[in-house]
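So the protein sequences, as listed, match chains A and B.
Residue numbers for the first sequence follow my numbering, beginning at 1 and rising by one.
Residue numbers for the second sequence follow my numbering, beginning at 1 and rising by one.
In short, the hints are calculated from the structure, not lab data.
Calculated cross-link-like contacts (lysine-lysine; reagent style DSS-like; alpha-carbon spacing at most 27 angstroms): (1) B:12 with A:125; (2) A:68 with A:117; (3) A:117 with A:76; (4) B:4 with A:62; (5) A:38 with B:12; (6) B:4 with A:125; (7) A:117 with A:62; (8) A:83 with B:12; (9) A:83 with A:62; (10) A:117 with A:38; (11) B:4 with A:83; (12) A:76 with A:62; (13) A:62 with B:12; (14) A:62 with A:125; (15) A:117 with B:12; (16) A:83 with A:38; (17) A:125 with A:38.
Per label pair, the in silico range of CB-to-CB distance: (18) A:129 with B:46: 23 to 29 angstroms; (19) A:132 with B:41: 16 to 22 angstroms; (20) B:67 with A:84: 30 to 36 angstroms; (21) B:26 with A:42: 43 to 49 angstroms; (22) A:10 with B:22: 35 to 41 angstroms; (23) A:131 with B:45: 21 to 27 angstroms; (24) A:118 with B:66: 26 to 32 angstroms; (25) B:46 with A:69: 33 to 39 angstroms; (26) A:34 with B:48: 21 to 27 angstroms.
Glycine included, each C-beta is placed from N, C-alpha and C at the ideal position.
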Amino acid sequence: MITIDLTDQPIDVAATLELVQSDGAGAVNTFIGTVRNKSTGRPVVRLEYEAYDSMALHQLRKVADQAKEQWPMLEKVAVIHRKGTLQIGDVAVVVAVSTPHRAESFAACQYIIDTLKQVVTIWKKEFYEDGDVWVAAHP
Amino acid sequence: MNLKIALFGIAKEIVGQPMLEITAPADQPVQELLEQLRTQYPALRGLSSLAVAVNNEYAEGSQLLHERDEIALIPPVAGG
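Using the sequences and the accompanying hints, generate a full structural model.
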């Protein structure tokens, strides 16, 4: 079972973990991405995430489906991503997977967050005390 | 044909609006649309990458565009 969501509300990490509870799973692996207070040494005051919602949801679903193909023993997957304005320490993304044994849970969780960063249509703008930058936009 | 192109992130800032409506020859390939937009908005050339999405999928340069396609310009993504 796969749960995908994109929300402008704070992510409930405990509720996300419940989504992947499974009697057949001996392992639940979670990645929680949070807002850091600096970027390349520059203090960050807040972030804004913008999403192309329909494509982001479609691509997130594909990433989860690919993980399920690669690790057929995956029991459940949940991927929840925030959008809108976030403050330092806020949760930006949660990836949670459950599997019978731990090795696959680490691998599948890492695959999902790494691939999400490459393909999912979400953009991040960092705000500093003296300006702002779209992350990764320029070489 | 008339195309509507959705814009996001820095591409939206460069163009100055969230949606662009342009007239293009029928069956225009994606790479020609990109070239047309880069000529019109040279700042797009400075981006690390610029993709086109058609109906929620990344499109190859040779893919032909159709009037009813949902088209979007995808500057470098930075989720997570």
